[in-house]
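2 protein chains.
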Amino acid sequence: MSKGLPETRTDAAMSELVPEPRPKPAVPMKPISINPNLLGYIGIDTIIEQMRKKTMKTGFDFNIMVVGQSGLGKSTLVNTLFKSQVSRKASSWNREEKIPKTVEIKAIGHVIEEGGVKMKLTVIDTPGFGDQINNENCWEPIEKYINEQYEKFLKEEVNIARKKRIPDTRVHCCLYFISPTGHSLRPLDLEFMKHLSKVVNIIPVIAKADTMTLEEKSEFKQRVRKELEVNGIEFYPQKEFDEDLEDKTENDKIRQESMPFAVVGSDKEYQVNGKRVLGRKTPWGIIEVENLNHCEFALLRDFVIRTHLQDLKEVTHNIHYETYRAKRLNDNGGLPPGEGLLGIVLPPVPATPCPTAE
Amino acid sequence: MSKGLPETRTDAAMSELVPEPRPKPAVPMKPISINPNLLGYIGIDTIIEQMRKKTMKTGFDFNIMVVGQSGLGKSTLVNTLFKSQVSRKASSWNREEKIPKTVEIKAIGHVIEEGGVKMKLTVIDTPGFGDQINNENCWEPIEKYINEQYEKFLKEEVNIARKKRIPDTRVHCCLYFISPTGHSLRPLDLEFMKHLSKVVNIIPVIAKADTMTLEEKSEFKQRVRKELEVNGIEFYPQKEFDEDLEDKTENDKIRQESMPFAVVGSDKEYQVNGKRVLGRKTPWGIIEVENLNHCEFALLRDFVIRTHLQDLKEVTHNIHYETYRAKRLNDNGGLPPGEGLLGIVLPPVPATPCPTAE
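Chains as they are written, first to last, in full-length UniProt numbering: chain A, 1 to 358; chain B, 1 to 358.
Worth flagging that the hints you see were computed from the coordinates, not collected in a lab.
These numbers were taken from a predicted model, which means no experiment stands behind them.
You may find that some hints are simply not true.
Given that identical chains are not distinguished, each listed pair holds provided it fits within a single copy or across any two copies.
As the list claims (entries may be wrong) - When the alpha-carbon atoms are kept at most 20 Å apart in a straight line, the in silico DMTMM-like pairs for lysine to aspartate or glutamate are as follows:
1. 101 - 168
2. 53 - 243
3. 144 - 240
4. 164 - 244
5. 327 - 157
6. 198 - 143
7. 118 - 49
8. 163 - 243
9. 120 - 45
10. 163 - 240
11. 98 - 216
12. 194 - 140
13. 164 - 314
14. 53 - 250
15. 155 - 322
Next comes chain A alone, as it looks inside the complex (with noise of 0.2 Å):
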């Protein structure tokens, strides 16, 4: 069997090939136009409503994770960004609630829907990171986690009978919390990033910028970037995943620019000039959090969820997904014979984290 070159042909080319037809109104006895291209529409772009009208039918997932010490306002933060109580701790904060001596990592799910869409969305909260005397490897429950929901995604995937749509408990975004120090990162912001950036998207944000002026934030800003740098530490959207000139243009943007986010989160609403604003108000005036005179908040919730979304969840796939996917396998080459066998019988989730790919 033989498979032809491709060819392309454009609408334009294609009506340049129809000549114009003639005033008369009479019948022509020949055709006018023959091949190689035909008069008319054929509905390839209606493909794009289709795969709308699929989406509108089934939803999709998003889990994102926030990291951070205790008070930086993460909690806060992801209400904002999806404008609900999404997070796990009610808006006011509970004096019977003690920090863990350990990391925790919670789940809570809810589904939003705007515009017909709904979003399964997952917010994943690290309670207890870096609030110890010794925060050593603290990290490690957190990409222990990450792993586990990379293998339950692998047994479902190598699985003999398959669901047709695996549910997704990957983490597909992770909001790392830097502290408004203004002096630099801490060595466990280094520690925690260096080792989580190979398996997952994280996205480092200031968090309660508003305790910076705008000199002070400007200069943390490229400190922490250049910090990163010196550390090889690569956060999404990693350069080597642009996929054409218009992404790198984008993306660099955003990596040269925006990050770390500097925001502010509220849940709280205050009345500017006639209208609701989300805000924080201080004697000396009200924060406005989607206001970019004040804070990023808006740029970071523009990149998260209106411009970058898909694109969280197919590095995720594409990228950390498939990286502990081939490392696993691989480590699973000397297996007994009926085990490891596309799944049927894989061993347990280690008790230890699984390596990163390096």
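Starting from the known structure of chain A, fit chain B onto it as the hints suggest.
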């Protein structure tokens, strides 16, 4: 770790929770509205636009097969569907061309672009089918080809180092051409569809429908549907894969009224009432292929391209490919260690076609 019950909210629900602002312009000292639902647009529905952008960049594959005796206008119909010379044959019949002695499989690839969306179209022709003195088992090479594409895909899927996008050569749609005898289906028609309807999406069409009067056409269509039902042959769209009531309502209409589409193809243009149309000129008038009073070509085109193309791809992937994969992996269970382990060494494609799953 705990995972809360999903909660659903809609914009309507949200706006009810936000009290109307008072007419006073003063900035209130306390927040107007708190959790659970805050004010404003999040951007969840932008996922559709993000997916559109990705599809515009990557394009999509669509592979269509035509099966039926020579002379039924298979090439012309495919050219009419895609308004281009996409089939292997030139528009005028080449006298040198001979009917092959056995069934051959010929695949030709094209890239067609419309509205900025690129379709990588492959048309798979099966010359020689039904053209022999003895046509026993002439469906076998066709089933073999279809299964080979599943095998190829499976091999790529179980590879340790996978391609980011697995090239999709699987047959998404098989147009089966029924001769417009006005009598009944022939044993070969039944034999082919009985065997192949389990492995591929078959859409039966009555070829050269301009040879029948309206009454003959209606009666013949009814008879064909009855015969398919009596013989337990399920064509696409299969009842069991309707996902919801909307699918069922839409597809029932197609199954009970449109199928099999009685079509006429043409790659020649004529002028009718000042408009250029694709048609066939006879001494008694011009048959306009896109005129629903003349034939059902436009229905078929809308069905295959404009409403069900994405579904044809999904049913191929979720049902036919999954059936092949499950059977293949089950059969593979007894392989020696090292072999068959997640596809590191899968046995070569079997010389005889794999049996279909019943």
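To see whether the hints hold, each was checked on the structure:
no.: 1; hint: 101 - 168; in the structure: neither (30 Å within a copy, 51 Å between copies)
no.: 2; hint: 53 - 243; in the structure: between (27 Å within a copy, 13 Å between copies)
no.: 3; hint: 144 - 240; in the structure: neither (25 Å within a copy, 40 Å between copies)
no.: 4; hint: 164 - 244; in the structure: between (32 Å within a copy, 15 Å between copies)
no.: 5; hint: 327 - 157; in the structure: both (16 Å within a copy, 15 Å between copies)
no.: 6; hint: 198 - 143; in the structure: within (10 Å within a copy, 44 Å between copies)
no.: 7; hint: 118 - 49; in the structure: both (17 Å within a copy, 15 Å between copies)
no.: 8; hint: 163 - 243; in the structure: between (30 Å within a copy, 14 Å between copies)
no.: 9; hint: 120 - 45; in the structure: between (28 Å within a copy, 13 Å between copies)
no.: 10; hint: 163 - 240; in the structure: between (32 Å within a copy, 16 Å between copies)
no.: 11; hint: 98 - 216; in the structure: neither (33 Å within a copy, 81 Å between copies)
no.: 12; hint: 194 - 140; in the structure: within (12 Å within a copy, 56 Å between copies)
no.: 13; hint: 164 - 314; in the structure: both (18 Å within a copy, 10 Å between copies)
no.: 14; hint: 53 - 250; in the structure: between (28 Å within a copy, 14 Å between copies)
no.: 15; hint: 155 - 322; in the structure: both (13 Å within a copy, 16 Å between copies)
Violated hints, in rising order: 1, 3 and 11; the structure is consistent with all others.
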